[in-house]
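Participant: Each chain, letter by letter, is given below.
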Amino acid sequence: MSELTYFPGCSLKDNAKRFEDTAFFVMERLEMPLRELETWNCCGTVYSLTADDLMHHVASVRNFVRTQETGSEELVTLCAMCYNTLSRVAGRINADEEERTKINAFMDREPDYGGTIRVRHVLQVLRDSVGWERLAEGATRPLFGLKVAAYYGCTLVRPRETGIDDMERPTVMADALEAVGAEPVVFPFEAECCGTYQIVDEPHLALEQSGRILQSAALAGADVVVTACPLCQHNLEQAAESLAADVEEIRDIKVVYFTELLAAALGADEGSMTPVVRELITSRVTAEGGA
Amino acid sequence: MARTKTVSRENLRERVEELSGERVFACYQCGMCSSGCPYAEQMDRLPSQVIRDLQLDDETLLDSNAMWVCASCLACEVRCPKGVDLAKLMEALRQIHLRKALDRMSLDDLSKEAVRNLPQIALVASLRKKSG
Chain H
1 MSELTYFPGC
11 SLKDNAKRFE
21 DTAFFVMERL
31 EMPLRELETW
41 NCCGTVYSLT
51 ADDLMHHVAS
61 VRNFVRTQET
71 GSEELVTLCA
81 MCYNTLSRVA
91 GRINADEEER
101 TKINAFMDRE
111 PDYGGTIRVR
121 HVLQVLRDSV
131 GWERLAEGAT
141 RPLFGLKVAA
151 YYGCTLVRPR
161 ETGIDDMERP
171 TVMADALEAV
181 GAEPVVFPFE
191 AECCGTYQIV
201 DEPHLALEQS
211 GRILQSAALA
221 GADVVVTACP
231 LCQHNLEQAA
241 ESLAADVEEI
251 RDIKVVYFTE
261 LLAAALGADE
271 GSMTPVVREL
281 ITSRVTAEGG
291 A
Chain P
1 MARTKTVSRE
11 NLRERVEELS
21 GERVFACYQC
31 GMCSSGCPYA
41 EQMDRLPSQV
51 IRDLQLDDET
61 LLDSNAMWVC
71 ASCLACEVRC
81 PKGVDLAKLM
91 EALRQIHLRK
101 ALDRMSLDDL
111 SKEAVRNLPQ
121 IALVASLRKK
131 SG
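Sequence order for the protein chains is H and P.
Numbering-wise (the numbering used here), the first sequence opens with residue 1 and increments by one.
Numbering-wise (the numbering used here), the second sequence opens with residue 1 and increments by one.
Hints in this document: simulated from the structure, not taken from any laboratory.
Among the hints, erroneous ones may be present.
[As the list claims (entries may be wrong)] Below 30 Å or equal to it, Euclidean Cα-Cα: the simulated DSS-like pairs (lysine-lysine) are: (1) H:Lys-102 to P:Lys-100; (2) H:Lys-17 to H:Lys-147; (3) H:Lys-17 to P:Lys-112.
[Said to hold, decoys possible] Some residues of chain H that are not near chain P, with every Cβ distance over 10 Å (derived): (4) Gly-9; (5) Glu-31; (6) Ala-51; (7) Asp-52; (8) Val-58; (9) Trp-132; (10) Lys-147; (11) Pro-159; (12) Arg-160; (13) Val-186; (14) Leu-243; (15) Ala-245; (16) Asp-246; (17) Glu-249; (18) Val-285; (19) Thr-286.
[Claimed, not checked] Label-pair distances were calculated between CB atoms; the ranges are: (20) H:Gly-267 to P:Ser-106: 26 to 34 Å; (21) P:Leu-107 to H:Pro-111: 50 to 58 Å; (22) H:Asp-128 to P:Lys-112: 23 to 31 Å.
This structure is a prediction, so every number in the text was calculated from the model and none was measured.
Note that CB positions come from ideal geometry on N, CA and C, so glycine has one too.
Construct the complete structure from the given sequences, taking the supplied hints into account.
Facilitator: Shown next as structure tokens:
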């Protein structure tokens with residue numbers, strides 16, 4: 001059994017706790033359990049885009065130093081935004097010795113960062129280390145009949161250097177759900193922005209974007225939109241709630257984390273599921289696969 | 001006498017290029033960024049116009065809402081045939097304000113209830129993008 005060094009980030013301990021809980025269950029079942037870093041701090045949340053702003057990369061680098069101390073060469077994330085920030089910082093700082101030296105000189109409590117940590121998202125682990133066949137074999141409660149819209153958003157697939165899949169036509173999340181019996185639908189907005197942090201002070205921007213995504217998934221026949229990011233999840237839930245009265249198509253659509261469905265397929269106890277997942281399992285999943 | 005915070009309007013192109021590491025004259029104004037931008041309709045200048053204004057060193061760009069509406073989703077960055085990272089230009093325009101303490105948002109503007117209901121990931125990201 002090989003353990004994965006896991007970085008949670010802020011939201012996985014709070015509003016996205018069910019994302020973490022179900023991921024722990026899934027990875028345990030697949031014999032690649034997640035072991036949380038003993039000490040960690042915020043990843044930085046967004047990757048700083050100005051050329052001179054090294055300071056904001058220190059948060060990510062501190063987590064790499066903690067990873068180094070565990071003896072692991074890899075840090076695994078669930079949150080798509082943490083994945084993006086950590087992997088972009090690793091890409092920049094691992095490749096630039098001068099910048100690494102500057103950051104090491106600035107950090108006075110930590111040992112130096114050696115520039116060797118790589119960052120992976122759990123979806124990459126499932127695809128590249130577990131494999132769809134093994135995932136399928138573990139599905140004791142296959143999700144036959146459940147129509148899923150795999151929604152990737154921005155940070156898993158862009159920019160090119162750190163994207164975990166094709167930027168315009170990602171399939172990794174749909175493939176994972178298909179492996180456990182669900183039926184992915186094709187819809188155009190799978191990698192369109194959910195509105196992200198605009199929900200804080202320009203909520204109309206985020207709700208409009210998320211509403212568009214929900215509508216397009218619903219028109220494609222999806223029962224549920226599946227996410228890998230606590231902020232996408234929040235915005236889509238908010239849009240579903242606030243637009244349901246006006247937009248008939250989205251009234252019945254659900255939004256859940258991909259790990260919630262994988263956990264259900266891999267035999268999670270019904271008592272551990274949220275009411276939304278339980279309802280999907282009882283009302284949408286059929287006994288037999290295929291048409 | 002109270003001092004008013006202002007942003008210097010001189011040499012805008014040069015400063016944005018330095019902050020972003022991008023070269024605005026690489027852009028040939030094809031409009032790919034504007035056509036794919038999910039927020040273009042909310043901007044008072046289209047994404048491609050932002051680059052055009054930089055090429056022309058048009059300082060009125062500093063008053064546009066485009067940099068604040070841009071959410072760094074990178075749809076433009078991955079599709080630009082000339083390899084211009086427009087998200088970095090937008091970040092540079094934001095930073096020109098934020099480094100003069102001209103914040104776009106403050107937690108004080110939000111109700112306690114809003115702060116309680118918003119996930120940390122949203123609050124931290126918003127403050128990182130819109131305050132200095």
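Participant: Now look at each hint and say whether the structure bears it out.
Facilitator: Cross-check of the supplied hints:
no.: 1; hint: H:Lys-102 to P:Lys-100; in the structure: holds (25 Å)
no.: 2; hint: H:Lys-17 to H:Lys-147; in the structure: holds (24 Å)
no.: 3; hint: H:Lys-17 to P:Lys-112; in the structure: holds (22 Å)
no.: 4; hint: Gly-9; in the structure: violated (7 Å)
no.: 5; hint: Glu-31; in the structure: holds (30 Å)
no.: 6; hint: Ala-51; in the structure: violated (4 Å)
no.: 7; hint: Asp-52; in the structure: violated (7 Å)
no.: 8; hint: Val-58; in the structure: holds (14 Å)
no.: 9; hint: Trp-132; in the structure: holds (26 Å)
no.: 10; hint: Lys-147; in the structure: holds (25 Å)
no.: 11; hint: Pro-159; in the structure: violated (6 Å)
no.: 12; hint: Arg-160; in the structure: violated (6 Å)
no.: 13; hint: Val-186; in the structure: holds (19 Å)
no.: 14; hint: Leu-243; in the structure: holds (17 Å)
no.: 15; hint: Ala-245; in the structure: holds (19 Å)
no.: 16; hint: Asp-246; in the structure: holds (19 Å)
no.: 17; hint: Glu-249; in the structure: holds (20 Å)
no.: 18; hint: Val-285; in the structure: holds (29 Å)
no.: 19; hint: Thr-286; in the structure: holds (34 Å)
no.: 20; hint: H:Gly-267 to P:Ser-106: 26 to 34 Å; in the structure: violated (48 Å)
no.: 21; hint: P:Leu-107 to H:Pro-111: 50 to 58 Å; in the structure: violated (35 Å)
no.: 22; hint: H:Asp-128 to P:Lys-112: 23 to 31 Å; in the structure: violated (45 Å)
Hints 4, 6, 7, 11, 12, 20, 21 and 22 from the list above are not met by this structure, while the remaining hints are.
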